[in-house]
Structures are given as C-alpha cells and as structure tokens.
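One-letter residues, chain by chain:
Number of protein chains: 2
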Amino acid sequence: MTSSGTAPAYRRLSVGQRRAQLIREALTLFAHRLPEEVSLDDVAAAAGVSRPLVYRYFPGGKQQLYEAALRSAADELEQCFAVPESGPLSDRLGHALDRYLAFVDSHDAGFKALLQGGSVVQTSGAHAIVDEVRQAAADEILTHLGFPPAGGRRPGPRLHMAVRTWITQVEAASLIWLDEAKRPSAAELREWLVEMFVAGLAVTAGRDAESAAILGAALALEEPGGPVGALLGRLGPVLGSAAHLVQGQIGGGRAQ
Amino acid sequence: MTSSGTAPAYRRLSVGQRRAQLIREALTLFAHRLPEEVSLDDVAAAAGVSRPLVYRYFPGGKQQLYEAALRSAADELEQCFAVPESGPLSDRLGHALDRYLAFVDSHDAGFKALLQGGSVVQTSGAHAIVDEVRQAAADEILTHLGFPPAGGRRPGPRLHMAVRTWITQVEAASLIWLDEAKRPSAAELREWLVEMFVAGLAVTAGRDAESAAILGAALALEEPGGPVGALLGRLGPVLGSAAHLVQGQIGGGRAQ
Chain B
51 MTSSGTAPAY RRLSVGQRRA QLIREALTLF AHRLPEEVSL DDVAAAAGVS
101 RPLVYRYFPG GKQQLYEAAL RSAADELEQC FAVPESGPLS DRLGHALDRY
151 LAFVDSHDAG FKALLQGGSV VQTSGAHAIV DEVRQAAADE ILTHLGFPPA
201 GGRRPGPRLH MAVRTWITQV EAASLIWLDE AKRPSAAELR EWLVEMFVAG
251 LAVTAGRDAE SAAILGAALA LEEPGGPVGA LLGRLGPVLG SAAHLVQGQI
301 GGGRAQ
Chain X
51 MTSSGTAPAY RRLSVGQRRA QLIREALTLF AHRLPEEVSL DDVAAAAGVS
101 RPLVYRYFPG GKQQLYEAAL RSAADELEQC FAVPESGPLS DRLGHALDRY
151 LAFVDSHDAG FKALLQGGSV VQTSGAHAIV DEVRQAAADE ILTHLGFPPA
201 GGRRPGPRLH MAVRTWITQV EAASLIWLDE AKRPSAAELR EWLVEMFVAG
251 LAVTAGRDAE SAAILGAALA LEEPGGPVGA LLGRLGPVLG SAAHLVQGQI
301 GGGRAQ
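So the sequences go chain by chain: B and X.
If you're matching positions, the first sequence starts at 51 in my numbering and goes up one per residue.
If you're matching positions, the second sequence starts at 51 in my numbering and goes up one per residue.
Check before you lean on any hint, since a few could be wrong.
Same chains, same label: a pair holds when it works inside one copy or across any pair of copies.
[What the hints assert, rightly or not] Here are the simulated lysine to aspartate or glutamate pairs, EDC-like style, with alpha carbons at most 20 Å apart: (1) K112 <-> E241; (2) K162 <-> E182; (3) K162 <-> D181; (4) K162 <-> E126; (5) K162 <-> D125; (6) K232 <-> E273; (7) K112 <-> D189; (8) K232 <-> E87; (9) K162 <-> E128.
FYI, nobody ran anything at the bench for these hints, they're computed from the structure.
Looking at chain B on its own, in the form it has when it is part of the complex (with noise of 0.2 Å):
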C-alpha cells in the first residue's frame, strides 16, 4: 500500500485522454466479466488512478460507466461491418462476419451478459446502443443490396424481414457458439452463416418480386467455385432426392 496522504502519481493526461483510458480499462474489464463482478475500484487499479477521480469522469457511476464502454464498443462493432461495395457478396458478408466474430471471441463474457440480459446493467440506455448496433447491421448490408440509407429508395418489407431476421440468427449463433466453447470454429460458422444469408435470401425471391431481382444481381457477382457455388454444389443431391415433390417436376428428371 501507498502511505496515506501520498496522492498516486497519476500520469498526465488531457481531460480527453483520460477518459478514454478510462473507458478502455472499464471494457477490457466488462469484456470477460459479468458486470456485477466489475466494481469501480477495479477500473480505478487497472487505470492506475484513484476511486474519487473515475467518479469525477463518470458522476453516474458504473452504470454511466458501463453504458460508456458499451457505446464504444458499439463504435467499434459498427466498423467491423464497413467492407467495400466491390467483389461477390458473399465475400463481403463472409469479412464482415470474421470481424465480427473476432469481436465476440475478444468480449466474450461481456457480449453474452449483454445479450442474455436479466443483469442489473440492462437499462433501456444499453438496449438503446444494441439496438442501434442491429440497425447499423441492417444498413450495411441493405447498402450492399443497393438500398443506401441515404438513397432514399427503402426495401419492401419481405427483404427488410430476411435481412432483419438473419441478423438476429447471427445473434443467436454467436452465443451458442460461446457457449459451446466456441465450437465448430469461427471460419466454420463464418461460412454457415453465409451460406444462411443466401439460402434466406433464395427463399425470400420466391415469394418476392423485389428480393428475385436483388438475389439475380447478387449471383451475377458470385464466382465459378466461390462460396455460392459450393453451396449449390452440396445441396445438389440433397434438392434431387426430393424432386419428386413438385408437381411437373425440376428440370425433367427424377433423382435416382
């Protein structure tokens, strides 16, 4: 211990500076622990400064904190989905997705408290910033569909649905992923997950004008051999066994 009196001997810091140390000590700390493990103190220690001075940055305390670290963590996680608009989409999806995953894989226990929710941080300020992380999501890859949010032209409701709902399933499959000691591996899942975007976005033109001419311009990016290919490829026997159920058959043949 520091005899009493002795103030420890902070670094020099900008008011700016300082609070992002802060906020950098407060997420490593949520990343792998629940949040009721996280105290104040322990921010202070990993930041090398006293209890009163994170108080000064964070009135609210581990709650202002907490939504602090979440709010970049969300910056950070909105990044991951920023790919360039060129090349196939399932290329872009699949870059997206590794960067995401990586995300989770380096904030696990934090991304699962947050999620499961039932903790005392759950407040509608954390629910807001997820929220909106879902959104930017949905903006990214509509953008990619041709759908800016800028633009002005908007998705009709089926693609927004498939769109929407595919992230929630990504969602989901990230915590079953942590709590299945993050098995199969990232890659793998990685290209399940893209293959679910385009099997969901399959399902959807053929109910739906609009998603029919999104998927063609999609396919038209894909390359001989690349990831929709190959996916094409494996589920060719398994459409064949059951051409037999539509009435005036696939392409005339009946699977052996």
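Starting from the known structure of chain B, arrange chain X on it as the hints suggest.
Chain X alone, transformed into the frame defined by chain B:
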C-alpha cells in the same frame, strides 16, 4: 362509486380460483399495454376486488403479478408447440406456427414489451421464463426430428444450432411483424418461416451428415405438391440461374 366503508361484494372463489382469476386479468392487461402502464389498481378493478386483496395474493406487488402472468402465458405458449408426431414435418411446423402467431397476435403489446427489453419488469425471473419457452420450442422441434429430450440421443452442435437460431428468427420475425402492422398476413409469414426452416436444415445438411440424414427422413414424409415441393418449384429458376457457379455443374447443364 360505492359508499365508503362498504366492502366490495366479492364473488366467492376458492384461493386457487381467485389467484387464477387475478393472473388472467393481469395477463389481459399486460398483453395490450406496456408493463409500466399497468397498475395493481387496474388489476384490482378488472377483477372487481380491492387492491389489498391483490396484495394478499401477490405480496411482491406488480413484479410478482407480472411474473405470474408471464408464467401463465409461457405455459399457454408451450401448449401451442405440441402437435401430433404424424404427417409431413412441414405441416406439423405450420400448425405450431399458426398457433404461435395467433398467440403473438392476441398478446401483441405485452409480447413486444417483453422481448424488446429495457422495461422495468425485465428481471432475471422474466428472462428465465422466456428462455424456458425457447428451450421448450427447441425440444419440441428436436422431438419431431427424432431427438426426444428423454430419449438420451442428443443432436450434434450443427443441427442444434440450426434449430435454435431458427427459433430466434421466428421471434424476430414476430416482432417485426407487429412493428409492420401485422403485414404480410400471418398465413404468409407462417409459410415463409416453414420454408426458412427447410432451407436452413438443407444448408446445414450440406455440411453435416447427421443433419443430412434428418433432412432425408423429413423429406420422405413430405407429399408431392406440398409446401416443400412448392418451395423447390419456386427455387428451381433461381438455382438454375446460378448453376454456372458450381464447379463441375449441377445436372450437367448451364442455365440460359
């Protein structure tokens, strides 16, 4: 108003009947208003009893009554999932979804408030009940796929993830459906969700022998011209236009 000092003329009910009545009235109120807009006085008025009587049955006040109403709704919902183990799986899933969507329709505000979170009543007790319903839905589906909970045989991680993430997708679709003034129709939403299940299982079957065997057995129960056949018929042109992506081609022919 009754004159002061006159106790309301309660109907004579047994303790169990009275408790059930209070829960029923509370559930009706919580179904159509936000939790914060329902007071114990409202429940007392709806049941035709005094506020102290409500407290006698629910000393924990509104929170306890909310969780009891949620418990009752969860039991009702779990009954929705139970369908006979015969006939095509797409029909069984469709029946369960019909009942589920009718439940969502008739408990709309409460359903949204519960699942969107951020409300004062979002305790760990409420979360545990919601998770239990999700687990019951997964158990029911897995039973129909040949994995009854008591059967000892457990599904592998890939099949399990496909089922669990589809349930999340159903939940998200229900919330979006409520936000979109219940459009498209419940019938269309149900059909789309059944198709999403089939497509998700097919994608998973492409990577997992267990899921492929389960899908094969499920397809054998489907009827020509049924929902799966209709889906495949609609997907035919979509898949055909992507056949050139498959290395080695599907069915030997490139689409025009």
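How the hints compare with the structure:
Taking the shortest alpha-carbon separations for K112 and E241, neither the intra-copy value of 38 Å nor the inter-copy value of 46 Å comes in at or below 20 Å. Proximity of K162 to E182 under the C-alpha cut-off of 20 Å is found in both arrangements, the shortest distances being 17 Å within a copy and 17 Å between copies. Taking CA atoms no more than 20 Å apart as the test, K162 paired with D181 passes in both settings, with 15 Å inside one copy and 14 Å between copies. Proximity of K162 and E126 under a CA criterion of 20 Å is satisfied intra-copy only: 17 Å inside one chain copy versus 28 Å between copies.
In this homomeric assembly, K162 and D125 come within 20 Å of each other (Cα to Cα) only inside a single copy, at 18 Å, whereas the closest approach across copies is 26 Å. In this homomeric assembly, K232 and E273 never come within 20 Å of each other (Cα to Cα): the closest approach is 30 Å inside a single copy and 39 Å across copies. Taking CA atoms no more than 20 Å apart as the test, K112 paired with D189 passes in neither setting, with 31 Å inside one copy and 39 Å between copies. Within a single copy, K232 and E87 get their C-alpha atoms no closer than 23 Å, and across copies no closer than 42 Å, so neither meets the 20 Å cut-off.
With identical chains, the CA atoms of K162 and E128 are at most 20 Å apart within one copy only, with a shortest distance of 18 Å there and 25 Å across copies.
This entry does not satisfy hints 1, 6, 7, 8, going by the numbered hints stated previously.
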